[in-house]
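*Asks:* Join the two chains, each given in its own frame, into one complex according to the hints.
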Amino acid sequence: MALAQKTKEAFLGPLNVNNPVLVQILGICSALAVTVQLKPALVMGISVTIIVALSNVVISLIRKSIPMRIRIIVQLVVVAALVTIVSEILKAFAYDVAMQLSVYIGLIITNCILMGRLEAFAMTNNVKDSLLDGLGNGFGYAIILVIVAFVRELLGSGKLLGFQIIPDSWYVANGGCYENCGMMLMPAMALILVGCVIWAHRSINEEKK
Amino acid sequence: MEKFYQIWKRFGQNFQEGGKLSKLSSFYDAFDTFLFTPSTTARKIGSHIHDGNDSKRTMILVVLALVPALLFGMFNVGYQHFLATGEIVKGAMTCALFWKAFAFGLLAVLPYIIVSYLVGLGIEFVVAQIKHEEVAEGFLVTGFIIPLIVPIGTPLWMVAVATAFAVIFAKEVFGGTGYNIFNVALITRAFLFFAYPTHMTGDKFVRTQGTWGWDNNQALVDGFTGATPLTQLSTAETATYTMTDTLGNPIGFWDAVNGLIPGSVGETCIWAILLGAILLLMTGVASWKTMLSIFVGGGLVAFLFNIGGVDNAAANTPWYMHLVLGGFAFGAVFMATDPVTSARTECGKWIYGFLIGAMAIVIRVLNPGYPEGMMLSILLMNAFAPLIDWCVVRVNINKRLKRA
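As they're listed, the protein sequences go chains A and B.
So the first sequence is numbered by this note's numbering: it starts at 1 and just counts up by one.
So the second sequence is numbered by this note's numbering: it starts at 1 and just counts up by one.
Chain B with its partners taken away, still in its complex shape (with noise of 0.2 Å):
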């Protein structure tokens, strides 16, 4: 490793001013600190540095906590297609077949992984070029987001697409990582919800066609139907509705929890979402506060719908089944607990997580346009987050001075 580093360094002299390639000097630089990050830890003396953390730390850590959703995604992706085309029976699995459903997940994940890192990244290595600056690590998290909330069934080209408008206009304009007003994997998603809306329809949540020339044009089993249970409910019209899996059989709270139904590779199984979670809150990446205010927020605005008021299938469905459903849990932990997007003051946490809760759940229940409003109310609030702040530094002032 030394020896490797002593090369590694006399390399990046080209790079230094007045070398050959000074130019590319931040293409150096990123793969340097990638390689070799700072080896500065915390001091074990001295009372104010906390702790020796830095961004590229901070951002693996949220890459680590999303690899469990990521993993049982794929396999989801295959289990839900095997299951279409008939080649898993229900309740009857096997160890072949799990990792046949692995592989195939695996196989149709894994280009999504890689449009979403290559667009991004190249747009930010760009950036830092022209504006010779380090390319920052923001894309990290984002680039693996992104995949992770995509329909599996989403053209590549339309990915790479949403990708690119989200990083330009919604994190290079502002000024780069960290100054960005909107969660840039939200701003992917709600472009690709607005341009291709029949791309991200509920019944595109199943990969029915093949994967690498895989299972192409398989005729799927009778009955099959690809609507993820909030684009059932938001299409019910009754009443009351049980939700089904792709072959009709009904789903339960625990089937929900233990996420083998038709939804976004990495938003289905709440245990996955959980150990991620549970990561975030221990390194103190994420706060348990916005966390926390979301699911309360969420559940007691259900709750309220579903003593009454509103009549229609998603207002009936009780409570504790919004908050496991579709994106819910998935944007409370990874995405509305981003740091640069979410209120930064104590009580503004609470405020904000509540409303996102309460947002989500308002447009679920009442807009049957929008089947999940898990996305739409992070976004809505993001925007609100510095208002909140605000406020919650002037009541803060004012009753200070109150008291003097």
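Here chain A stands alone, though its shape is the one from the complex (with noise of 0.2 Å):
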């Protein structure tokens, strides 16, 4: 039973009382650089999710054999290679989302979610914890990706997914009164809607306690 709840907890912890950008305030860089609107956003969300779960995987499985004093290059190559397997089928399948996307899909070897969950749990726990762990870390992070790009694009310009959403008739140059936020186009906004995600996320969970 104990074990049960230990795997668990690797797999729902992350997505929301242990968030990895709620509440350990990770990965907020990109979060800021790919969210002006949804796809980017759940691309990054999704290969997050891959590159966090398959290393985990990997590094639980050679957990044993590697050498403590060069783990972190062990595991910087393990994520390198992951990341740019991601990085060439993106330039293979969507070449639009990947130029989108630009430096970022490189960047996930920096992003801290990554770097932390190697260190902090693949390396102890065996391969199913691992890769739920991963998993659950990957989704907690696009879960706030996709929720601050929503905002973003629908009120920032009008569209979800790249289709209309207000209608045309609304806007200002057709005879409406509507206009899109420019303020939700800048990185400011998306570190502001964060931080509103952030206060939801706080009181809602102190009212459970």
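Just so you know, these hints were derived from the structure itself, not from any lab.
Keep in mind it's a predicted model, so treat the numbers as computed, not measured.
All C-beta atoms, glycine included, are put in the ideal place defined by N, C-alpha and C.
Do not rely on the hints blindly, as some may be mistaken.
Claimed, not checked - Here are some of the chain A residues that sit facing chain B, going by a computed Cβ distance under 7 Å:
(1) Phe163
(2) Cys177
(3) Gly182
(4) Met183
(5) Glu206
*Replies:* See the structure below:
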């Protein structure tokens, strides 16, 4: 039972009470950079999830044979290899999005969530738990990206996933009185939105206690 | 009055602990203090308590000081509008036209005042209920300044969104009145400026469309341009440029002082701002050090640009023009002196003010993207005010340590 509890915790914890973005405040810079539109945010979230999960599995498999003194280098090599694979796949099959994400796919290597999970979890846990932990953290990160990107794209450009949501006739140019909020397109607003999500998250969790 | 007070107090029993409406007690409290301000005044004897002043009285004084700028601004809104539609010809002003212009301006400005107070005070009331606190009076001044510094053509819902954003994110998250780092009214304007830039550029400062259905779709006179003097400077392609009003007549120093030029509602007339400044200084609400050093800083930097270095229209504008154009004077008198967000040490006020004036001119001259630098420079120095204070205090401590 204790083991099952731990397994469950590994996957569900990062989704809510131990969310990497909201509680540990990790991976903020990419959350600011890729959330202007929903599509790149989704792709980014999925990429990070895949990379965290796979690198967790790989490191967990070889955790007993990694010499402690060079473990960071080994982790980096694994992550870098996975990031390169994901980056090449994106360039081959989703070139537009890959261009939009530009350096941020490459910068997943430096995403604190990855190194954090490898050090804190994969190095000391078995493969199954590590996989779940990686998936949980990846999804936890992706959820926040999607929430922020949803608000920013809807209010900043009136679209979702590139489709016009707010009717054209509402705009000032077409005789309406609505206008997109340019502030939403600025990185500063992403920070404020992440702050709002943290605010909501904390006050909900506090009520539970 | 005494009778009304009795009835009011009896009504108030409903709001006490255990009463029917006890959850809304801060509502009652707000109106109670608003109507019957604390009756304690400065005592005749006693050496320590200087004055029975409270923040409510301070706020009302600032609002009073703003009234001349508002009244003139209302007239100017109407004046600029009828100038644009050709009903008023420059130099020919009759009494009837004066009142017509004022009425138009009143109707045009009033919705902004109502929206800003409704949204801002609404949020203040709700937050006070959630936090079980008294309703703070901080928004009285903010809500009055907001209509004075937004372009008169801005859609009302934008003002509402910006006010809500500013009150929540610049004030309530920091802990409410007295805890904010940035001037709330300026955050409102900054939000509008960055969120809806097309509504904040220089040709939206003249109300060309009507108000309340009055004068809608009027044809504009030939040669009308709504650009403010500062916008003209920032877009001028020649190194020397003569600013003009909306009909192409050149604007001189006294035109800018008298204030019958396009601009935000409250900022154009230096005389009205001066009246407010005198009231603020006489009652000791605002610091003369901050005000003076802003003008010194701005004048000095503008003068340096005059004698050389940069060669563009804004740099070549005489330094005394910079001090009376745009929001410089309004910001210096009413917004930089905000006691919550400005530096608090006496020496710090000199540094704070000087840097505001200097930065405002630097932004005006060197960045054509921002025709008016006052808003950004005050917000920037708001962020640095605590640092300035810290340094001043440290220097003083070190000086005294050496003396010992």
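*Asks:* Are the hints correct? Go through all of them and say.
*Replies:* Going down the list of hints, with the structure as the test:
1. Phe163: 23 Å, violated
2. Cys177: 6 Å, holds
3. Gly182: 5 Å, holds
4. Met183: 4 Å, holds
5. Glu206: 14 Å, violated
When the structure is compared with the earlier hints, violations turn up for hints 1 and 5 and for no others.
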